[in-house]
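Enquirer: Residue numbers (my numbering), protein chains in the order written: chain A, 1 to 335; chain B, 1 to 292; chain C, 1 to 299.
Keep in mind the hints are simulated off the structure, nothing from the lab.
Treat each hint with caution, since some may be false.
With the Cβ distance kept under 7 Å, some of the chain B side facing chain A (calculated, not the full set) [said to hold, decoys possible]:
id, residue
1, GLU72
2, ASN104
3, HIS153
Restraint-style ranges between C-beta atoms, simulated for each label pair [claimed, not checked]:
id, chain 1, residue 1, chain 2, residue 2, range
4, A, ARG126, B, SER15, 16 to 24 Å
5, B, GLY20, A, ARG126, 18 to 26 Å
6, A, ILE62, C, VAL33, 37 to 45 Å
7, C, VAL33, A, VAL203, 29 to 37 Å
8, B, GLU66, A, ARG126, 37 to 45 Å
9, A, LEU11, B, SER15, 51 to 59 Å
10, B, GLY3, A, GLN250, 33 to 41 Å
Calculated pairs, DMTMM-like style, for lysine to aspartate or glutamate (alpha carbon to alpha carbon, straight line, at most 25 Å) [what the hints assert, rightly or not]:
id, chain 1, residue 1, chain 2, residue 2
11, C, LYS30, A, ASP134
12, B, LYS174, A, ASP232
13, B, LYS52, B, ASP214
Glycine residues also receive a C-beta, built at the ideal position from the N, C-alpha and C atoms.
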Amino acid sequence: MLALQALHRLLMAAVTLFGVAVVVFVLLRVVPGDPVAMMIAPGASPEDVAALRARYGLDLSIPEQFLVWLGGVVTGDFGTSISLRRDVLELLSERLPATLELAVAALLVAMLVGGAVAVAGTLARRSVLGSAIDGFNGVMLAIPDFVWALALVLGLGVMVPLFPLTGRIDPTAADGFSSRFYLVESLLTLRFEVFADVASHMVMPTLALALPLAAIIARVLKASLVEAMGEDYILLARLKGMSETRLVLQEALRNAVGPTLALTGVQFTFLIGGTVIVERIFAYPGIGNMAIDAVINRDLPLIQGLVLMFGLLFILVNVAVDAAVAALNPRLRHG
Amino acid sequence: MSGQILSVESLSAVSLREGGQAILRDVSLSLAPGEVLGLVGESGAGKSTIAKAVLGILPSGIRITEGRIRFEGRDMLAMPRAEVRSILGSEITLIPQDPLSALNPGRRIGPQITDGLRLRRGLSRSEARARALALLSEVHIRDPERVLGAFPHQLSGGMRQRVLIAAAFSMEPKLVIADEPTTALDVTVQKQILRLIRAMQETHGTAVVFVTHDLGVVAQICDRVTLLYAGRVIESGHTADMLQRPAHPYTRALIASSPRYDRPDVGLAPVPESVFEGLRAEIAAFDRERRA
Amino acid sequence: MADAGLDAAGARAAPRRRSRTGAALLAEPKVLVGGGFILLLVLVALFAPWIAPKDPLEQDLMLGTLPPVGFAGTEPGYLLGTDDLGRDVLSRIVFGARVALTVAFVAASLAALIGTVLGLAAGWFGGRVDAAISRLVEIWMAFPPVLLSILLVAILGAGLHSVIAAIVIIDWTRFCRVVRAETMAQARMDYVTAARTVGFPGFTILTREVLPNVAPVLLALVSLEMGIAVIVEAILSFVGLSVSSDTPTWGGMIAQGRQIVHHGWWVLAFPLLVLTLTVLAFNMLGDGLRRALDPVMRR
Chain A
1 MLALQALHRL LMAAVTLFGV AVVVFVLLRV VPGDPVAMMI APGASPEDVA ALRARYGLDL
61 SIPEQFLVWL GGVVTGDFGT SISLRRDVLE LLSERLPATL ELAVAALLVA MLVGGAVAVA
121 GTLARRSVLG SAIDGFNGVM LAIPDFVWAL ALVLGLGVMV PLFPLTGRID PTAADGFSSR
181 FYLVESLLTL RFEVFADVAS HMVMPTLALA LPLAAIIARV LKASLVEAMG EDYILLARLK
241 GMSETRLVLQ EALRNAVGPT LALTGVQFTF LIGGTVIVER IFAYPGIGNM AIDAVINRDL
301 PLIQGLVLMF GLLFILVNVA VDAAVAALNP RLRHG
Chain B
1 MSGQILSVES LSAVSLREGG QAILRDVSLS LAPGEVLGLV GESGAGKSTI AKAVLGILPS
61 GIRITEGRIR FEGRDMLAMP RAEVRSILGS EITLIPQDPL SALNPGRRIG PQITDGLRLR
121 RGLSRSEARA RALALLSEVH IRDPERVLGA FPHQLSGGMR QRVLIAAAFS MEPKLVIADE
181 PTTALDVTVQ KQILRLIRAM QETHGTAVVF VTHDLGVVAQ ICDRVTLLYA GRVIESGHTA
241 DMLQRPAHPY TRALIASSPR YDRPDVGLAP VPESVFEGLR AEIAAFDRER RA
Chain C
1 MADAGLDAAG ARAAPRRRSR TGAALLAEPK VLVGGGFILL LVLVALFAPW IAPKDPLEQD
61 LMLGTLPPVG FAGTEPGYLL GTDDLGRDVL SRIVFGARVA LTVAFVAASL AALIGTVLGL
121 AAGWFGGRVD AAISRLVEIW MAFPPVLLSI LLVAILGAGL HSVIAAIVII DWTRFCRVVR
181 AETMAQARMD YVTAARTVGF PGFTILTREV LPNVAPVLLA LVSLEMGIAV IVEAILSFVG
241 LSVSSDTPTW GGMIAQGRQI VHHGWWVLAF PLLVLTLTVL AFNMLGDGLR RALDPVMRR
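Looking at chain A on its own, in the form it has when it is part of the complex (with noise of 0.2 Å):
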């Protein structure tokens, strides 16, 4: 049963992820503005002109474009980039690591902070202290990566130069990788001084892109918290003589969680999404970058690279979110 739900979600995920590839190719080729024209140098003829346009096959018609491409995307051929000239599936993998490694951090960074806000907001919740902590958070609700992301330029960046400004590792210690995970690979090979050197850049774009899904965990699980503290068998613990606090983290704290993660699911599908400007801000290469300046150009078979990207990524949450509010309700694991 629970097996065929996912795969349902699949399916329709699947779907969508096509609806979508179809729309943004359809829209690229319908509307103003030819690729080839921006990259063609001024003087060319219009047989060169014709040329490049046949050899990205722009001269077909657009339902067989769309064929032609499906065709390559299916055997792991997903063009040539047209202003960067390389392989679209190359520039991918190669940036997807830098962007894999923020969002993740990202991710922890804020189901962290927004835990404990959480924790000490219920534990405060008939208070003052309550109070304020709501207040502030509420605030933080209001403020977006993006506004994130340069205030922490101007404080940690410099004001307090705590922080690189910009890239993602110090250029002179960027080889000897084998991956692109450059934060993961550093820490297992041991290569302290590289891992904190990396970590160090990725700070700011990590806090910038936590900091409002922190906000928005600390709401909603402080809500089932809340809930979960007004039930009986939280009334019962306490005549046992439990204190507050273990109250709170042992018996409320799993009952709390589910709603939370699907939610967070979500909102981590957002802050995937503000990759895009974050990396700018920071000049952090990753696809989120690249995305943009892809679009500025018009180069179609990278943004439909991305595109599909993006939608992958984004399905690829969405069922380890299912899979895991599965795994932490008891009534569906041990029914």
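Given the coordinates of chain A, assemble chains B and C onto it according to the supplied hints.
Expert: Chains B and C only, in chain A's frame:
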């Protein structure tokens, strides 16, 4: 009243919300060690309020205006919070009304029983587990090992209530408050649970305050009864006496309106309006006196 | 309350409702503070030419990158300093409010309009109409919003109209979902069934009964959306896809400020501050509206 395990003396309480509406009107009752007292009344009579007051879990909208609650002679309302907390859950425990919401749906049964034992009695993990198994057998659960490892939703309502009864008695308390523990159960299971509570109570020598709206339940397991209406004690005494020779018209009417499973030929007589009028007059007179 | 709006008694009831609403609105502190700030901003935007001390477009390379008042090397008259082309930061912020607020009001209103119409349709007709619209919303929401907005503006060409179009196209779904849910809830209520039985056409019921009940939540959402619109516009200007770089926008200034942040941090700091305060104000207003209108108009 010396020697009483619990004595409530002239307890009055008001609701802070509905304009100071009286919830309890000068309620007095007492319970001897090892005795079972039935606290009877319709919904809103105040029986749950008294139980909650004893347990110290009165909702914030209700305030005690006067009276005392003595446990083994000590006034619980005047005690420091820490002392009250050391008594509750250890010497006074609770069998709640709804077994489903009283158990944490996200935790297994085992820890929910052993928590108290480890926290309050300092038992080790294995000692507590052994004790829990013994208790589950005592409440006639056939497969205690399985139940210890199960989640609440995997057990039937009756089994959940047995678990809660086991937990309540696990602390060897002097007093157990049973708050309508059979209301949420099937009729067939009710009788078993009642008998179980009576048996446990006799074995462990525990005093029990049994809150219920059902005279039939009272007849089965209570030694003494206190009948409440609108927060006022209408009549109290030994169960047998009260049920056979009721003094107050309300008591008489209630008995007449209770279904007699052994006498199906006897029809049900609803409590006559005149009795309610009489009650209302009594309450009004009490209120007037109070204000004066 | 089933007869409200369906007879003369309803007409009598309406004015009483409105004055109650007015009082409730003014009593809510969030509405006052948030709304007050926005009002102030609107006035600043309207009277920009008279309020701004300098011409926002006037360049003077001799006065480039001057720090704000209070720091060394400042020049009188340039309260918040200048950017690297010598343009007064304060004046540009004042004029930037025009772009921000225009986008906010127009985009939020349009998005609300489209979303509400579709939401009403989905909630009222249910069945296939609802299924189709819901599917559409789902697919729509699968796009990362920032990327989609950049894509749309890149496609439609830079400019205010495309920024507004992009915001509307992306965020109408927010309104659609809320309105759909509310409409469905209302459509099941007894007074609607009663109205139908009496013979009132669906459209009348929708506009006279359902819509007023949806209005409070809608209004709060519009305020929220305005805050989002301001941010999206700022992001698009930041990336260079909004109005031409000469016209002062907060996002454009922020982009510029980011480039010269080490020797001209004020070019980034002040527009960022104003932007943040504006978003907070819209959020506060929306929150306050929701609180103030809910208990009064909810039956």
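Enquirer: If a hint holds in the structure, say so; if it does not, say that too.
Expert: Checked hints:
1. Because the closest C-beta pair between GLU72 of chain B and chain A is about 18 Å apart, greater than 7 Å, the hint is violated.
2. Interface restraint check: ASN104 of chain B against chain A, minimum CB-CB distance 4 Å, threshold 7 Å, status holds.
3. Given the 7 Å rule on beta carbons, the hint for HIS153 of chain B holds: about 5 Å separates it from the nearest Cβ of chain A.
4. Between ARG126 of chain A and SER15 of chain B the C-beta distance comes to about 20 Å, which sits within the given range of 16 to 24 Å.
5. In this structure the supplied range 18 to 26 Å holds for GLY20 of chain B paired with ARG126 of chain A, their Cβ-Cβ distance being about 24 Å.
6. A beta carbon spacing of about 52 Å between ILE62 of chain A and VAL33 of chain C contradicts the range 37 to 45 Å that was offered as a hint.
7. Evaluation of the 29 to 37 Å hint for VAL33 of chain C and VAL203 of chain A yields a pass: the beta carbon distance comes to about 34 Å.
8. Between GLU66 of chain B and ARG126 of chain A the CB atoms are about 26 Å apart, so this pair departs from the stated range of 37 to 45 Å.
9. Take LEU11 of chain A and SER15 of chain B: their Cβ atoms lie about 56 Å apart, and the range 51 to 59 Å holds.
10. Separation of GLY3 of chain B from GLN250 of chain A is about 40 Å and conforms to the stated range, judged on CB atoms against 33 to 41 Å.
11. Between LYS30 of chain C and ASP134 of chain A the CA atoms are separated by roughly 15 Å; this keeps the pair inside 25 Å, and the hint holds.
12. A hinted pair counts as satisfied when its Cα atoms are at most 25 Å apart, and LYS174 of chain B with ASP232 of chain A qualifies at roughly 23 Å.
13. Taking the CA atoms of LYS52 of chain B and ASP214 of chain B, the gap is near 19 Å; set against the 25 Å cutoff, the hint holds.
The structure fails to meet hints 1, 6 and 8 from the earlier list, while all remaining hints are met.
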